[in-house]
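Q: Following the hints, position chain A against chain E.
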Amino acid sequence: MNEHWIDRLSEYLDGELPDNERVALEAHLQECDQCTATLDDLQRVVRRAQSLAPMTPGNDLWPAIARRIGATPPQSDTVIDLATRRERTRRWAFSLPQLAAAGIALMTLSGGAVWLLREPSHPAPVAVVNSARGDTTPVVSVALKPSASQSYAAAVADLERVLAEGRGRLDTTTVRVIEQNLATIDRAIAEAQRALDADSGNMYLNTHLAETMRRKLELLRQAASLARVS
Amino acid sequence: MNELGLGVATLEHEQTGRTDPDAVDATLAASGDASAFERLYRNHVSRIYGLVRRMLNDDDADEVAQDIFVRAWQKLGTFRGEAAFGTWLHRLAVNVILARRETLGTRRKRYLEGDAVLDMVPAKRPGPEMAMDFESAMQRLPEGAREVFVLHDVEGYRHEEIAEMLGLATGTSKSQLHRARMALRQHLER
Chain E
116 MNEHWIDRLS
126 EYLDGELPDN
136 ERVALEAHLQ
146 ECDQCTATLD
156 DLQRVVRRAQ
166 SLAPMTPGND
176 LWPAIARRIG
186 ATPPQSDTVI
196 DLATRRERTR
206 RWAFSLPQLA
216 AAGIALMTLS
226 GGAVWLLREP
236 SHPAPVAVVN
246 SARGDTTPVV
256 SVALKPSASQ
266 SYAAAVADLE
276 RVLAEGRGRL
286 DTTTVRVIEQ
296 NLATIDRAIA
306 EAQRALDADS
316 GNMYLNTHLA
326 ETMRRKLELL
336 RQAASLARVS
Chain A
737 MNELGLGVAT
747 LEHEQTGRTD
757 PDAVDATLAA
767 SGDASAFERL
777 YRNHVSRIYG
787 LVRRMLNDDD
797 ADEVAQDIFV
807 RAWQKLGTFR
817 GEAAFGTWLH
827 RLAVNVILAR
837 RETLGTRRKR
847 YLEGDAVLDM
857 VPAKRPGPEM
867 AMDFESAMQR
877 LPEGAREVFV
887 LHDVEGYRHE
897 EIAEMLGLAT
907 GTSKSQLHRA
917 RMALRQHLER
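So the protein sequences, as listed, match chains E and A.
Position one of the first sequence corresponds to residue 116 (my numbering), numbered consecutively onward.
Position one of the second sequence corresponds to residue 737 (my numbering), numbered consecutively onward.
Chain E on its own, in the form it takes in the complex:
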């Protein structure tokens, strides 16, 4: 055994030894059983390391992560104590200044929404907010402008057609992920629409619906683009 060569065995194993040293080491290995055995051991160490399996945490970490990023885990998977439930179902009460501020915010949003609808470069769905006239209570009614709704549906249909035509060019994993994501978005859209049927003036629900529809459009755009170039 030669200590000098023993210290170079890992570099030899990793193909990082200069040619002249590699040739000299290989000549040494022809004569030295101990170095040859050590090299064999090191190869086995590397193979063992490469075969180590991923580790699964003992507990699902997602609920804690979801809390930290501000996402709420699905309620079906979560036991909610009564205090939390009361907190979630507490009715909101606003002071007069808060209501005034909300009214200003709604007018601003209404103006922005109308501007977006008039902009031909923004085909994404937009919820139009109308402040109730002649009423001191800041009740709002929200509706998707028919022309925006039609152009959105047409854009979605067009992108879905392109995606369907190019589907065969995408690998199955990509297709599966896209379909899963589209299904998730469609479910979210359907849920938001159902909730709006019961509470059409809900500002949050309208914004959420518009954003979700916009996400669908963006996902379809990316997927269709991928299908075209694949």
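These aren't lab readings, by the way, just hints derived from the structure by calculation.
None of the values given here were measured: they were computed from a predicted structure.
We treat Cβ as the ideally placed atom computed from N, Cα and C, and that holds for glycine.
What you were told as hints is all true, and nothing was included just to trick you.
Below, in silico cross-link-like pairs of lysine to aspartate or glutamate (DMTMM-like), each with a Cα-Cα straight-line distance of 25 Å or less:
| # | chain 1 | residue 1 | chain 2 | residue 2 |
| --- | --- | --- | --- | --- |
| 1 | A | Lys-811 | E | Asp-175 |
| 2 | A | Lys-811 | A | Glu-838 |
| 3 | A | Lys-811 | E | Glu-326 |
| 4 | A | Lys-811 | A | Asp-798 |
| 5 | A | Lys-811 | A | Asp-796 |
| 6 | A | Lys-811 | A | Glu-897 |
Taking CB as the label site, the calculated pair distances span:
| # | chain 1 | residue 1 | chain 2 | residue 2 | range |
| --- | --- | --- | --- | --- | --- |
| 7 | E | Arg-309 | A | Thr-814 | 32 to 38 Å |
| 8 | A | Leu-840 | E | Ala-168 | 22 to 28 Å |
| 9 | A | Asn-831 | E | Gln-308 | 38 to 44 Å |
| 10 | E | Ala-313 | A | Asp-798 | 36 to 42 Å |
| 11 | E | Glu-131 | A | Asn-779 | 31 to 37 Å |
A: Chain A alone, transformed into the frame defined by chain E:
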């Protein structure tokens, strides 16, 4: 961000030309979709958790793994799809782990020179009563040698990348790897 305010992660790798099935979820997550981020978590948690456990050897693995995913959520806007999402996440995880090390003040005596690493190894191959599994043997390596070994032989990083991440000379990374391998060969299952 594009004109619609969504984070953009191209579906096709710029470097490899291959599609990244995580890119769609990364894009959705970057726009605030927690469900998409949960799918990313499910796909990658095992590899990330394994990295944490093997690198840190402490009881805080759950907390550190959580920190990694929370950091990833915060940094999703910087993911541009130049590499696979898994590669991006893994590199972020290494940075979080190393920062954690600094916080814990555990950098002391990490990079032992000479034969100090080999001192832990019995002169002869241990008999059955001394045998320990490979994972346990890895945990007994000095921290510096273990970091290099995990990053190079388990995770597949090159010495140049490891040297950059750990702030070492490339030669130090190579020597630490060799010493770790020499120590671990005593604990190969026969």
